[in-house]
Amino acid sequence: MKLLKLTVKGVKETTRDRKSFLFIMLFPVMFILIFRLAFGWGETANETYTIAVLDLDTGQGPWDNHEPSWLSYVNMLMGTSFNATTFFGTVALNGNSTAGEQFTGHVLKDAKYEDGKTRIFDIKVIDDVKTGDDMIRKEEVAAVIIIPANFTSAIQGIADKAVVEELRAHSRITGDPMSGYANATIELKGTQGTMAYSIASAIVRGYLGGYAGMEETVVRQVVGVPLGGAAPKEGPTFSTENVQRGKTSKFVAFDWIAPGMIVFGLMMTTMGVASGLVHEVKNKTLNRLKLTKMSAVDMMGGATLQWLVIGVLQTLLIFASALAVGTHFAGNYAVAIPAALLIGVVVVLASVALGLIISSFVDDPEQASNLGTLIVVPLSFFTGVYFDLGLAITRYLPWTQGSTAMRQALLYNNWDQAATAAIICLVGAVIMFAIGVAAFKVKRLRGA
Amino acid sequence: MEEYAIETEHLKMIYPNGLEAVKDLSIKVKKGEVFGFLGPNGAGKSTSLNMMVGLLRPTKGRTVIGGHEVTPWSTLVKEHVGICPQETVLWNDLTCYENIMLLSDLYDVPREEGQSRAEKLLEDMQLTEKHDELARSLSGGMKRRLNLAMSLIHNPEVLLLDEPSPGLDPQTRRVLWDYIATLPKKGHTLVLTTHDMDEADYLSDRVAIIDHGELLVLDTPERLKAQVGEGDVLELAFEEGADLQSSANDFKTRGDVIDAKVSGGRVVLRARGVMNHLPDIIEFVEKHGSRIRDIRYRGNTLEDVFISLTGRQLREGTPG
Chain X
1 MKLLKLTVKG VKETTRDRKS FLFIMLFPVM FILIFRLAFG WGETANETYT
51 IAVLDLDTGQ GPWDNHEPSW LSYVNMLMGT SFNATTFFGT VALNGNSTAG
101 EQFTGHVLKD AKYEDGKTRI FDIKVIDDVK TGDDMIRKEE VAAVIIIPAN
151 FTSAIQGIAD KAVVEELRAH SRITGDPMSG YANATIELKG TQGTMAYSIA
201 SAIVRGYLGG YAGMEETVVR QVVGVPLGGA APKEGPTFST ENVQRGKTSK
251 FVAFDWIAPG MIVFGLMMTT MGVASGLVHE VKNKTLNRLK LTKMSAVDMM
301 GGATLQWLVI GVLQTLLIFA SALAVGTHFA GNYAVAIPAA LLIGVVVVLA
351 SVALGLIISS FVDDPEQASN LGTLIVVPLS FFTGVYFDLG LAITRYLPWT
401 QGSTAMRQAL LYNNWDQAAT AAIICLVGAV IMFAIGVAAF KVKRLRGA
Chain Z
1001 MEEYAIETEH LKMIYPNGLE AVKDLSIKVK KGEVFGFLGP NGAGKSTSLN
1051 MMVGLLRPTK GRTVIGGHEV TPWSTLVKEH VGICPQETVL WNDLTCYENI
1101 MLLSDLYDVP REEGQSRAEK LLEDMQLTEK HDELARSLSG GMKRRLNLAM
1151 SLIHNPEVLL LDEPSPGLDP QTRRVLWDYI ATLPKKGHTL VLTTHDMDEA
1201 DYLSDRVAII DHGELLVLDT PERLKAQVGE GDVLELAFEE GADLQSSAND
1251 FKTRGDVIDA KVSGGRVVLR ARGVMNHLPD IIEFVEKHGS RIRDIRYRGN
1301 TLEDVFISLT GRQLREGTPG
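Protein sequences, first through last, are from chains X and Z.
Just so you know, we're using the numbering used here here: the first sequence kicks off at 1 and counts up by one.
Just so you know, we're using the numbering used here here: the second sequence kicks off at 1001 and counts up by one.
Take the hints with a grain of salt, since some may be wrong.
[To be verified] Straight-line C-alpha distance at most 30 Å; calculated DSBU-like pairs for lysine-lysine:
#1 X:284 to Z:1060
#2 X:290 to Z:1261
#3 Z:1225 to X:293
#4 X:12 to Z:1023
#5 Z:1060 to X:443
#6 X:441 to Z:1185
#7 Z:1287 to X:293
#8 X:284 to Z:1028
#9 Z:1012 to X:284
#10 Z:1023 to X:443
#11 Z:1261 to X:293
#12 Z:1185 to X:293
#13 Z:1031 to X:290
#14 Z:1120 to X:293
#15 X:282 to Z:1028
#16 X:5 to Z:1060
#17 Z:1225 to X:284
#18 Z:1185 to X:282
#19 X:290 to Z:1225
#20 X:282 to Z:1012
#21 X:293 to Z:1030
#22 X:19 to Z:1185
#23 X:284 to Z:1261
#24 Z:1252 to X:290
#25 Z:1130 to X:12
#26 X:282 to Z:1130
#27 Z:1012 to X:290
#28 Z:1185 to X:12
#29 Z:1023 to X:290
#30 Z:1130 to X:443
#31 X:293 to Z:1060
#32 X:284 to Z:1252
#33 X:284 to Z:1023
#34 X:441 to Z:1060
#35 X:290 to Z:1287
#36 X:5 to Z:1028
#37 X:293 to Z:1028
#38 X:293 to Z:1252
#39 X:19 to Z:1261
#40 Z:1120 to X:284
Read the hints as simulated data drawn from the structure, not as lab findings.
Note that the structure is a prediction, hence the values are computed from the model and not measured.
All chains, full assembly: derive it from the sequences and hints.
Next up, the structure:
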């Protein structure tokens, strides 16, 4: 099969060019070492992040003192009188509190590492924005969280929406009688790009998603199960365990970086693909190939498979390097490694696609490599490989999703979220690959 | 059975920048012959070659190979034509054997047959000892031989050789030429482009001289040389400041000189038994107030044919 012949040829060429091969393989490993040193080689203890909270939530206690807007519908449709207080008596965090108080005063405050002892956050309650800004400036806190006035309403809105969906799903209602849900935005402030801010804000975001999801889960349990729906995976008990953020035995700042470093290493495939293909163009070996019976699919498939093979080796090497410098990955490695390889293969596909696009428009291998670096390095930052910048513009890029998938798999063992991110990553990679193939075929392979 | 391996009809190539690289080229290459395109750099040789095998789409005209019209990058070309490019186009990090076998596999040559052909080609090119060495470690001459071997692995009926031996030492060049000369006996038809008159003379059964994209003459090297005229050639280099054109005109007045031209900074004389007249010629020059710095004597070459047709030497190239 010609495609495989070209793959073998590519692997031979890449591995025999020892300087380039060592660069490709060892550059990410060097980064692992450098970052590990930068984050304190001996640091193995779980780190507690100091955060300031400005709670502006003006809502009422979500369950006890506030009758949910959906209650009358549930009572009417289910033909029973539903007593929220009775039901939520099992809920740990009920009481006369707002969602803001629950989230910051319990969820974040009680959050602990896997050891069950070390708190993730040390919370400082503040009264105004200026105090928070001062604390950031003086580096007294990793981040400031500002809970908006309508946070409780928004959380209730999530619950309301879940009710409507459950009722719709069981054909009890059509349309949305409770439309007009509140939207609230929690503001996270801090020094962008600092490790403390990146990690603290990412953890807060994770907990926020877990908190909102918890509320939704509770409601689906209350409404959906009596109507004949399947019970949600999580029970109605509201506790920090159900929004557990990580499952590693310990967690240090570098652990957050390591999965991203694997993605960064694989992103470097872009330079290899781009310079390799442009080399074929410049040396006219591509013309020689075009004169044979090789097809465009053989050519690009061969190059892709070649870099997937190298990508697998890279992933294993970076994974091993990360472990060697004391990274704490979660769960069973027999599962984590294949998962990392699978996600890595998808990331490589996206990187090969970028390489194909670059090689379609550049005529010099060195230029291709330089342009690749010029694109990949900033892209690695913008796609949250190192720190989650939360940029909307790069949210659906394959590398952003690849980093998310890698973190969810290796740090959280959260396979649902890892799979979702990996699938979005795959879709993005396939789209990019189609663009790359089209560009390369038109610009370089006409006639093949 | 078709008599011709390649036929071109009114091939014309005008590049997007307006340059008319080839003007109305119509030739027929016989099966089993070595057909040479001779001309200076930029004359349109490679363009003609590329159009003939469908690597370039002509602005006008067509090419027929083995009775089938050539279309760009067609399977017909891929199956029946081998191309030995002007540059050595190799994969430097593959061994000699791997380079040849890669193309063998991509041309769908059956594995065992490909292996056997690859071994034979390495032997023919005197590269057996370099079988497992990376192409990057080969000398220039070895690379060029490997380059040729790679274009023959699928046993093409037509082989195009684009400037096969520039920059090679005389010994390597002769090895390459001797091998190329055996190929027609193995059933290959060869089309070669060159600006080297010796190469064209040594290898070609027929030579097409091309300049400014125009076919000037087409015939066997012997007939072309005979067309230039009888006699031998003297090339005279004068001391600085001499009026070469005036000297050439003076020579034309002599009865024993058949022709005199200025070419390449020298006066080129053609005369029967020219060496017998050498003392007279030197005296003649000095009488006209000039001094000779260097004298070269040779028989007629294809370069003389080119000079007689264009007034320029081959190595002077084509402006623009």
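Status of the hints after comparison with the structure:
no., hint, verdict
1, X:284 to Z:1060, "26 Å, holds"
2, X:290 to Z:1261, "47 Å, violated"
3, Z:1225 to X:293, "42 Å, violated"
4, X:12 to Z:1023, "45 Å, violated"
5, Z:1060 to X:443, "24 Å, holds"
6, X:441 to Z:1185, "40 Å, violated"
7, Z:1287 to X:293, "69 Å, violated"
8, X:284 to Z:1028, "29 Å, holds"
9, Z:1012 to X:284, "25 Å, holds"
10, Z:1023 to X:443, "28 Å, holds"
11, Z:1261 to X:293, "52 Å, violated"
12, Z:1185 to X:293, "27 Å, holds"
13, Z:1031 to X:290, "26 Å, holds"
14, Z:1120 to X:293, "22 Å, holds"
15, X:282 to Z:1028, "33 Å, violated"
16, X:5 to Z:1060, "38 Å, violated"
17, Z:1225 to X:284, "37 Å, violated"
18, Z:1185 to X:282, "35 Å, violated"
19, X:290 to Z:1225, "40 Å, violated"
20, X:282 to Z:1012, "27 Å, holds"
21, X:293 to Z:1030, "26 Å, holds"
22, X:19 to Z:1185, "46 Å, violated"
23, X:284 to Z:1261, "42 Å, violated"
24, Z:1252 to X:290, "55 Å, violated"
25, Z:1130 to X:12, "18 Å, holds"
26, X:282 to Z:1130, "25 Å, holds"
27, Z:1012 to X:290, "24 Å, holds"
28, Z:1185 to X:12, "37 Å, violated"
29, Z:1023 to X:290, "27 Å, holds"
30, Z:1130 to X:443, "36 Å, violated"
31, X:293 to Z:1060, "27 Å, holds"
32, X:284 to Z:1252, "51 Å, violated"
33, X:284 to Z:1023, "27 Å, holds"
34, X:441 to Z:1060, "26 Å, holds"
35, X:290 to Z:1287, "65 Å, violated"
36, X:5 to Z:1028, "38 Å, violated"
37, X:293 to Z:1028, "27 Å, holds"
38, X:293 to Z:1252, "60 Å, violated"
39, X:19 to Z:1261, "58 Å, violated"
40, Z:1120 to X:284, "26 Å, holds"
In this structure, the hints that do not hold are numbers 2, 3, 4, 6, 7, 11, 15, 16, 17, 18, 19, 22, 23, 24, 28, 30, 32, 35, 36, 38 and 39, in rising order.
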